[in-house]
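Participant: Residue numbers (the working numbering), protein chains in the order written: chain Y, 1 to 267; chain F, 1 to 271; chain R, 1 to 248.
These are computed hints drawn from the structure, not numbers from a lab. A few of these clues could be false.
Residues on chain R that point at chain Y, a partial pick, calculated with CB under 7 Å [claimed, not checked]:
| id | residue |
| --- | --- |
| 1 | Gly147 |
| 2 | Val148 |
| 3 | Arg150 |
| 4 | Ala151 |
| 5 | Val154 |
| 6 | Lys156 |
| 7 | Leu168 |
| 8 | Pro169 |
| 9 | Arg246 |
| 10 | Arg247 |
Ideal placement from N, C-alpha and C gives every residue a C-beta, glycine not left out.
Take a look at the letters that make up each chain.
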Amino acid sequence: MNTPSVQLCLREVTRVFPAVDQQKSLHALGPVDLDLRRGEFFSIVGPSGCGKSTLLDLIAGLARPTAGTITFEGRPVAGEVPDGIGVVFQEDASFPWLNVYDNAAFALRRAGMAEKDIRERVDPMLSIIGLQAFAGAYPAQLSGGMRQRLCIARTLVTRPRLLLLDEPFGALDQQTRLLMGDELLNLWRQTGATVFLITHSLDEATLLSDRIGVMSARPGIFIDLVDTAWPRERDSRIVSDPAFGRVTGRIWEMLRGQSLRALAEGR
Amino acid sequence: MPGAVDVDQAVSAVRREGPRGWSALTDTVLLIVAALMLWQAATMLIGHEVLTSPLATARRLSAIMADADFPAHAWETGRAFGTALIIALAGGLTVGIALGAHRLSGQVAEPILVALYSIPKITLYPVILLLFGLGISAKIAFGVIHGIIPVTIFTMNGVRNINGVYFRAARAMRLSGMQTASNIILPAALPEIVSGFRLGFSLTLLGTLIGEMFASQRGIGYMLVKAMEMNDVATVMALALLLIVLATTASAVLLVIDRRLRQSMVAQLGD
Amino acid sequence: MTRPGKYRWALIIAALALLEAACRLGFFSRQTIIAPTAMAAGAWQALGSAEMRGHILITLASVAQSIILAVVVGFAIGAALYCLPRLRRTLDPFLASYYAVPTFVFYPVFIVLFGLNRWPLVAIGFVFAVMAVIINTLDGLSRVPRGVRRAAKVMKLTPVQHLFFVMLPAAAPWLFTGAKFAVVYSFVGVIAGEFVLSGAGLGHAIAFAYNSFDNTAMYGLMLLLFLIVGGINMQLWTWEQRLYARRG
Numbered sequence: 001m002n003t004p005s006v007q008l009c010l011r012e013v014t015r016v017f018p019a020v021d022q023q024k025s026l027h028a029l030g031p032v033d034l035d036l037r038r039g040e041f042f043s044i045v046g047p048s049g050c051g052k053s054t055l056l057d058l059i060a061g062l063a064r065p066t067a068g069t070i071t072f073e074g075r076p077v078a079g080e081v082p083d084g085i086g087v088v089f090q091e092d093a094s095f096p097w098l099n100v101y102d103n104a105a106f107a108l109r110r111a112g113m114a115e116k117d118i119r120e121r122v123d124p125m126l127s128i129i130g131l132q133a134f135a136g137a138y139p140a141q142l143s144g145g146m147r148q149r150l151c152i153a154r155t156l157v158t159r160p161r162l163l164l165l166d167e168p169f170g171a172l173d174q175q176t177r178l179l180m181g182d183e184l185l186n187l188w189r190q191t192g193a194t195v196f197l198i199t200h201s202l203d204e205a206t207l208l209s210d211r212i213g214v215m216s217a218r219p220g221i222f223i224d225l226v227d228t229a230w231p232r233e234r235d236s237r238i239v240s241d242p243a244f245g246r247v248t249g250r251i252w253e254m255l256r257g258q259s260l261r262a263l264a265e266g267r
Numbered sequence: 001m002p003g004a005v006d007v008d009q010a011v012s013a014v015r016r017e018g019p020r021g022w023s024a025l026t027d028t029v030l031l032i033v034a035a036l037m038l039w040q041a042a043t044m045l046i047g048h049e050v051l052t053s054p055l056a057t058a059r060r061l062s063a064i065m066a067d068a069d070f071p072a073h074a075w076e077t078g079r080a081f082g083t084a085l086i087i088a089l090a091g092g093l094t095v096g097i098a099l100g101a102h103r104l105s106g107q108v109a110e111p112i113l114v115a116l117y118s119i120p121k122i123t124l125y126p127v128i129l130l131l132f133g134l135g136i137s138a139k140i141a142f143g144v145i146h147g148i149i150p151v152t153i154f155t156m157n158g159v160r161n162i163n164g165v166y167f168r169a170a171r172a173m174r175l176s177g178m179q180t181a182s183n184i185i186l187p188a189a190l191p192e193i194v195s196g197f198r199l200g201f202s203l204t205l206l207g208t209l210i211g212e213m214f215a216s217q218r219g220i221g222y223m224l225v226k227a228m229e230m231n232d233v234a235t236v237m238a239l240a241l242l243l244i245v246l247a248t249t250a251s252a253v254l255l256v257i258d259r260r261l262r263q264s265m266v267a268q269l270g271d
Numbered sequence: 001m002t003r004p005g006k007y008r009w010a011l012i013i014a015a016l017a018l019l020e021a022a023c024r025l026g027f028f029s030r031q032t033i034i035a036p037t038a039m040a041a042g043a044w045q046a047l048g049s050a051e052m053r054g055h056i057l058i059t060l061a062s063v064a065q066s067i068i069l070a071v072v073v074g075f076a077i078g079a080a081l082y083c084l085p086r087l088r089r090t091l092d093p094f095l096a097s098y099y100a101v102p103t104f105v106f107y108p109v110f111i112v113l114f115g116l117n118r119w120p121l122v123a124i125g126f127v128f129a130v131m132a133v134i135i136n137t138l139d140g141l142s143r144v145p146r147g148v149r150r151a152a153k154v155m156k157l158t159p160v161q162h163l164f165f166v167m168l169p170a171a172a173p174w175l176f177t178g179a180k181f182a183v184v185y186s187f188v189g190v191i192a193g194e195f196v197l198s199g200a201g202l203g204h205a206i207a208f209a210y211n212s213f214d215n216t217a218m219y220g221l222m223l224l225l226f227l228i229v230g231g232i233n234m235q236l237w238t239w240e241q242r243l244y245a246r247r248g
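This is chain Y alone, in the form it adopts within the complex (with noise of 0.2 Å):
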């Protein structure tokens, strides 16, 4: 589909990785099949091992896939990570040797943008997401939590068009949790991007996405794609519409039975 509204294209795309020595080859992923519209809120939700994180990777160029197709804004992804994304790892990605502002600064200095311009992009951002009296310090002396919002602030300066997050919140409490999901839902409002998010909340997935995909266990594909049909103005305050818990209720019968199925597979 080529419509100039479908910004990502993912068809029939499969994940296999090779035998290497003792272990056989595993079939991590698909066929999987989807299309994200630009500027829409896109959560997938799925078991341990379902291959949620061998598919974000794919989608930003960062691995190949076996077989299938992927393309960004009309141009095919392989193996190389294309202009306009950006991704925000589960694991801790701040360099430790530069304090929070140069860390958020860093893409942009590399691009080679001048200092005012930075400036101008960083700080409003840094507030935002609420580390700007920290601007100073370095990643040593930040908590987890904040580490990780550090690396979602750099990724963000970067104005991507398309923002990939794994599990961002996962070294959070539930309510810092519920607050920082505003916050994105802020950001992804103000900046228009299309946002694709892996969580294992489904509370969190159901309150921040237009869709959710619910993936299988391992190998991974869609099971369901689910439409919450929220505003666009929305906030954390949604839990309480009782829409909230039909679309949570009908994830997690879905669900329920592939986790199962990957805690008896010993994940």
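With chain Y's structure known, arrange chains F and R on it following the hints.
Facilitator: Structure of chains F and R alone, referenced to chain Y:
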């Protein structure tokens, strides 16, 4: 922190290590062949009175090893090295665990240990000779002072880097000191300890040989220094070749053990 | 001063006092070891002698050359090996065995190659030090956290930017350790060479004193050597603490 085990690294390293077995063997063979060719080229460039060719070196080595005196020399070196190694490894392990487990002692001792490690041990040779006289105890002492400190430092770091949670679990299970050491500390710090052992092995061997060069009338070190004095390049290179083969084999064995340990550790922690 | 620091100084002073007492009371023969105060006197004497100062300076010059060569070449080879993982895997067993061979047995070879000057000594120091730099460079580069490497990949940096702005700063603590090893091992190599076959330098002076049964001079020079190396290491340690205190 230099020396610490990063599980992520271990996982990706194990995943990314690629084909082993036959392919690794051919790679090693290729490497050895390339090294031999370089050696031969160097000999032809520099002149074979200065640098003996691979073939001549191999011939000299087999002549040396076939010689009636050789077993006595080899036994002498082996005896001294073996004793020194046991002392260095056991001593380094014990002291390292003690210093790593007891925070304050470790903090007090570490700069001293690092300073001792940094002293060119050659400065201590005259002292050792004066203290132990000429003979096997001086050789053993040389070997020990070379090997014991890296083993201690690596062990200490390995123990220090153990997740505090394990110690709390040990106290909750009311394990005694010895039980904690053998059941928790040792397995948890094992990769670091093995790294220390690998380095300790080579350095203890070096120390023992140097001891023989200065303090003995027998042993491979003695053969080495005699050949140096008589400008017998072929013998010097033959013995060096022997040492390289020995140390490389030992190092390879320890490396295999090291990898097996990391892999089993990774498997236990999941991916 | 910190609590461990206080204990440490107490320990060192106690050990020295013990040695002093043992020597003065005759537990050790003067032929074997002399009292610390006598060592200090010997060191002072050596510093006063222009000839000795000359030996010390000539050694320091060779050591400095060895350090610079080892660091530059070691970093380069370490980085190159990092980019060639297959070669690195194959070389791994040999890297650890490198230090089992007394490399100064090749001193005669170096003399023929470079002549009867200081270069063979620099070569020994270099050969001894370079491997430690390579090993630490490799170690540091391979310990760059996975998250950091992946983030850098997504930022679409040029290979040069990736090396200088991400890999090197990330590996800096290990590179510094490699440099520290280069300092120590250069001293060891040069002085060992001077011990064995040289007419000049601190190592030669110590060997000469030993052979002349001049314990005062010998221990004095050894103390000087210890203080020089110790002093350099302490300075390196201080720089290291300052540079990397914030990194955690």
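Participant: Would you mind marking each hint as holding or not holding in the structure?
Facilitator: Hint by hint, here is what the structure shows:
The restraint placing R/Gly147 at the interface with chain Y holds, with a minimum CB-CB distance near 4 Å, inside the 7 Å limit. Hint status for R/Val148: holds, given a least beta-carbon distance of 6 Å to chain Y, under 7 Å. Taking 7 Å as the C-beta contact cut-off toward chain Y, the hint placing R/Arg150 at the interface holds, the least distance being around 6 Å. Interface restraint check for R/Ala151: the shortest CB-CB distance to chain Y comes to about 4 Å, inside 7 Å, so the restraint holds.
Below 7 Å, beta-carbon pairs count as interface contacts, and R/Val154 has one with chain Y at about 5 Å; its hint therefore holds. Nearest Cβ of chain Y to the Cβ of R/Lys156: about 6 Å, under the 7 Å cut. The hint holds. About 10 Å separates the beta-carbon of R/Leu168 from the nearest beta-carbon of chain Y, more than 7 Å, and the hint is not met. Because the closest C-beta pair between R/Pro169 and chain Y is about 4 Å apart, less than 7 Å, the hint holds.
For R/Arg246, the interface hint holds, the least distance from its beta-carbon to any beta-carbon of chain Y being 4 Å, beneath 7 Å. Given the 7 Å rule on beta carbons, the hint for R/Arg247 holds: about 5 Å separates it from the nearest Cβ of chain Y.
Consistency with the previously given hints fails for number 7 only.
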